[in-house]
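J.: Listed here are the chains, written in short residue letters.
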Amino acid sequence: MSDRAPSGYADRPLVKPPVWTWEIPVYFFVGGVAGMSLLIAAVAGLARMSDGAPALDPLVRKCVWVACAGAVISPMLLISDLGRPMRFLNMLSRFNVRSPMSMGVWILVGFSGVSGLLLIAVNGTIVDLPVVAPFAGALGPLMTTLLICGGLFGALLATYTGVLLGVSTIPAWHQNRRRLPVHFGLASLGSAASVLLLFGSSDPVLVRLLWIAIAGEAGIALLSIDRSAVARENAAVPQWTRLPPILMTVASAVPLVLGLPVLAAISFPMGSLLSRFAWIKVGRLSAMTSGSSQRD
Amino acid sequence: MKNERGQRHNYVERGVTVGFLTDPTLCIGCKACEVACKEWNDVPSDGGARAAIGSRSYDHSGDLGASTWRHVKFVETETEEGLPRWLFLSDVCKHCERAGCLEACPTGAIWRTEVGSVLVDDDRCNGCGYCVVSCPFGVIDRRGRPTAEIIGSIAGTAPSSGSSEAVAGEGGAFKCTLCYDRQVEGKIPACANACPTDSIMFGPLVDLKEYAQVRVETLHQRGVTDAVLYDGQEGNVNGIHAMSVLVGGSVGDAAGDAADLWGQPSNPTAPYAYLAASWSSALLTVVLSAVACWLAFVL
Chain G
1 MSDRAPSGYA DRPLVKPPVW TWEIPVYFFV GGVAGMSLLI AAVAGLARMS DGAPALDPLV
61 RKCVWVACAG AVISPMLLIS DLGRPMRFLN MLSRFNVRSP MSMGVWILVG FSGVSGLLLI
121 AVNGTIVDLP VVAPFAGALG PLMTTLLICG GLFGALLATY TGVLLGVSTI PAWHQNRRRL
181 PVHFGLASLG SAASVLLLFG SSDPVLVRLL WIAIAGEAGI ALLSIDRSAV ARENAAVPQW
241 TRLPPILMTV ASAVPLVLGL PVLAAISFPM GSLLSRFAWI KVGRLSAMTS GSSQRD
Chain H
1001 MKNERGQRHN YVERGVTVGF LTDPTLCIGC KACEVACKEW NDVPSDGGAR AAIGSRSYDH
1061 SGDLGASTWR HVKFVETETE EGLPRWLFLS DVCKHCERAG CLEACPTGAI WRTEVGSVLV
1121 DDDRCNGCGY CVVSCPFGVI DRRGRPTAEI IGSIAGTAPS SGSSEAVAGE GGAFKCTLCY
1181 DRQVEGKIPA CANACPTDSI MFGPLVDLKE YAQVRVETLH QRGVTDAVLY DGQEGNVNGI
1241 HAMSVLVGGS VGDAAGDAAD LWGQPSNPTA PYAYLAASWS SALLTVVLSA VACWLAFVL
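Protein chains in written order, with my numbering: chain G, 1 to 296; chain H, 1001 to 1299.
Careful: at least some of the hints might be erroneous.
As the list claims (entries may be wrong) - Quick list of simulated restraints, FRET-style, between CB atoms:
id, chain 1, residue 1, chain 2, residue 2, range
1, G, Gly219, H, Glu1081, 57 to 63 Å
2, H, Thr1225, G, Pro238, 44 to 50 Å
3, G, Thr21, H, Thr1079, 19 to 25 Å
4, G, Arg94, H, Ala1168, 21 to 27 Å
5, G, Pro141, H, Trp1111, 42 to 48 Å
6, H, Leu1299, G, Ser50, 47 to 53 Å
7, H, Ser1045, G, Val262, 50 to 56 Å
Stated by the list, open to error - Below, a sample of chain G positions facing chain H; criterion: calculated Cβ distance under 8 Å:
id, residue
8, Arg12
9, Ala47
10, Ser99
11, Val105
12, Gly166
13, Arg178
14, Val205
15, Ala218
16, Arg242
17, Arg284
As the list claims (entries may be wrong) - Every beta carbon over 10 Å from chain H, so not counted as near; a handful from chain G, in silico:
id, residue
18, Tyr9
19, Ser50
20, Cys68
21, Pro100
22, Ser102
23, Gly113
24, Ala121
25, Val131
26, Ala133
27, Ala155
28, Tyr160
29, Val167
30, Val250
None of these hints come from the bench; they were simulated from the model. Ideal placement from N, C-alpha and C gives every residue a C-beta, glycine not left out.
With the hints as constraints, model all of the structure from the sequences given.
T.: Printed below as a string of structure tokens:
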């Protein structure tokens, strides 16, 4: 064997870096908040049933509003990142189970549809319509079905983005293919609880959910950005990529203990948003330093 | 075996799987393939965005990309006697038997022809960019507008006056088509047609594989003992339709060292290898999040 260090061809990267711009990490965050909001709505509705129909208390309404806002903003971000935005609808001409990008678009479509229907339902206006009155008995089961579908689509929307990155040739991403969906899901859950807290919901359940997210993030915090793998080859990984785990754990837990949930509700989503940017940044650096010396 | 210039073939009608075999021991680094490819396919300038391998290299195109579908690599190494050895190899899309880009495409724009090549349908591609991070060979890319920043970063290159003008096909993903349009007409690809030394061989894949074995053995007999065949059988792409003979690696090494030297993955892994693990992790997270929410509400 020769002693020549394998460094690839002229230090050119082996794989291409992602072409995605700021819209994608922002979409990961917005879609995650909206998605997990609908999961919270589903569980809230189903956990507090009354007379065989899901409870539509203020928390559920707020959750559905957040979900709908996300369902409006998310496609705008996705479309704006496309190289040819006018052709977004081409995405809907295929159902490709082998492509997380395709699956993600269908999840988003399902999510938007269900959250739209839920928005109509929770505002109670259709119940008062004369045409609907004879079917009033079916509204309870219908709501239950909508909430279950919404929760499922929502949780998938918050986690598939991790799959989107994990299933790629980018070393820093596919090396974390198992961790990314968990991290994105937990960060979204905590962010959704935070956003609902900031929108004035004082439901103690939200603080409990935030604690769950913090605990989960703490569990994977030190691993959440595998800087070591990238840093070994690239010293250019910026320091700010260290921030998200701190914001989502210590900086959120301390205010909660001190009885300042609003501070925690600002810190956690900031960490969550920053983390998506960090993963894209690390992915780009990882691609730029990918050489054939890296066999994994 | 040599390229049958001027003669018509009917591989498309017969559905014969075709491919390339590129041989660096015949390549003279003339870049006729690069020029022929650009000319025939009307590929626009990338504004020099991928240039500047180094001022001492003859490699001016740097890398395969959205607007560089053939790329001649220039490698300087040493013989065992310590003499300089200057090698060239024309690189191209591998047209994988199981292609990462094709499986990643959400619009169905990327498809496989009856001759086994992988094509991007430019009328369908919406530029989502997922194929870019799904190619284990780093070939396919989205065509952007060369920005002044990129152009300015290349030493000694004045910003091109057309940098802010729209580029043909902007925003879409592009790569080698194996000159499908020429094959429909019974012609061989432009690069193979232009290659003056038959370093780029085009033909039915079965014939090329057979010829490649003979060629590597011949090279070994003639003293080029480090010649190996790079055919993508390692990894998970199930073989490639643009094979090459590689030289310059360690003698007796199975393509690994030579692949490193030429900037090719020794173990090309298309991302579908990661689907099961990542999706099961996502589904587990969905279930756990629901359970966590439930607990938060009922406790």
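J.: State for each hint whether it applies.
T.: Each hint tested on the structure:
The given range of 57 to 63 Å is respected by Gly219/G and Glu1081/H, whose C-beta atoms sit roughly 58 Å from each other. Checked against the given bound of 44 to 50 Å, the beta carbons of Thr1225/H and Pro238/G, roughly 47 Å apart, stay inside it. For the hinted restraint 19 to 25 Å between Thr21/G and Thr1079/H, the CB-CB distance of approximately 47 Å leaves it violated. Against the hinted window of 21 to 27 Å, the Cβ-Cβ separation of Arg94/G and Ala1168/H comes to about 26 Å, which satisfies the hint.
Separation of Pro141/G from Trp1111/H is about 44 Å and conforms to the stated range, judged on CB atoms against 42 to 48 Å. Checked against the hint of 47 to 53 Å, the C-beta distance between Leu1299/H and Ser50/G comes to roughly 20 Å, which is inconsistent with it. One distance hint, 50 to 56 Å for the beta-carbon pair Ser1045/H and Val262/G, holds here, with the actual separation near 54 Å. At its closest, the beta carbon of Arg12/G sits 5 Å from a beta carbon of chain H; the interface hint therefore holds under the 8 Å criterion.
The interface hint given for Ala47/G holds, since its Cβ lies 4 Å from the closest Cβ of chain H, which is under the 8 Å cut-off. Taken as an interface hint, Ser99/G checks out: its beta carbon lies about 5 Å from the nearest beta carbon of chain H, inside 8 Å. Annotation: interface hint on Val105/G holds; nearest CB of chain H at approximately 6 Å, less than 8 Å. Interface restraint check for Gly166/G: the shortest CB-CB distance to chain H comes to about 4 Å, inside 8 Å, so the restraint holds.
The beta carbon of Arg178/G comes within 4 Å of a beta carbon in chain H, closer than 8 Å, and the hint placing it at the interface holds. Interface restraint check for Val205/G: the shortest CB-CB distance to chain H comes to about 5 Å, inside 8 Å, so the restraint holds. Given hint, Ala218/G at the interface with chain H, is violated; its Cβ is 14 Å from that chain's nearest Cβ, farther than 8 Å. Of the supplied interface hints, the one on Arg242/G is violated, with its beta-carbon coming no nearer than about 24 Å to a beta-carbon of chain H, more than 8 Å.
Interface hint at Arg284/G: violated, since its Cβ lies 10 Å from the closest Cβ of chain H, which is beyond the 8 Å cut-off. Against chain H, the non-interface label of Tyr9/G is violated: not every CB pair exceeds 10 Å, the least being about 3 Å. Non-interface call for Ser50/G relative to chain H: holds, since the shortest CB-CB distance, roughly 14 Å, exceeds 10 Å. Every C-beta of chain H lies more than 10 Å from that of Cys68/G, the closest at about 19 Å, which supports listing it as non-interface.
With 10 Å as the threshold on Cβ separation, the claim that Pro100/G sits away from chain H is violated: the shortest Cβ distance comes to roughly 8 Å. Under the 10 Å C-beta cut-off, the non-interface status given to Ser102/G relative to chain H is violated; the minimum distance is some 4 Å. Against the 10 Å criterion, Gly113/G stays outside the reach of chain H, whose nearest CB is about 18 Å from its own CB. For Ala121/G, the condition that its CB be more than 10 Å from all CB atoms of chain H holds, with the nearest at approximately 20 Å.
Distance check for Val131/G against chain H: the nearest CB is about 34 Å away, which clears 10 Å, and the non-interface claim stands. At the 10 Å boundary, the C-beta of Ala133/G stays outside the reach of chain H, the nearest C-beta of that chain being 31 Å off. Not every beta carbon of chain H lies more than 10 Å from that of Ala155/G, the smallest distance being close to 4 Å; the non-interface claim is violated. Against the 10 Å criterion, Tyr160/G falls within the reach of chain H, whose nearest CB is about 6 Å from its own CB.
Against the 10 Å criterion, Val167/G falls within the reach of chain H, whose nearest CB is about 5 Å from its own CB. With a minimum CB-CB distance of about 21 Å to chain H, Val250/G clears the 10 Å threshold, and the non-interface call stands.
The structure shown violates the earlier hints numbered 3, 6, 15, 16, 17, 18, 21, 22, 27, 28, 29.
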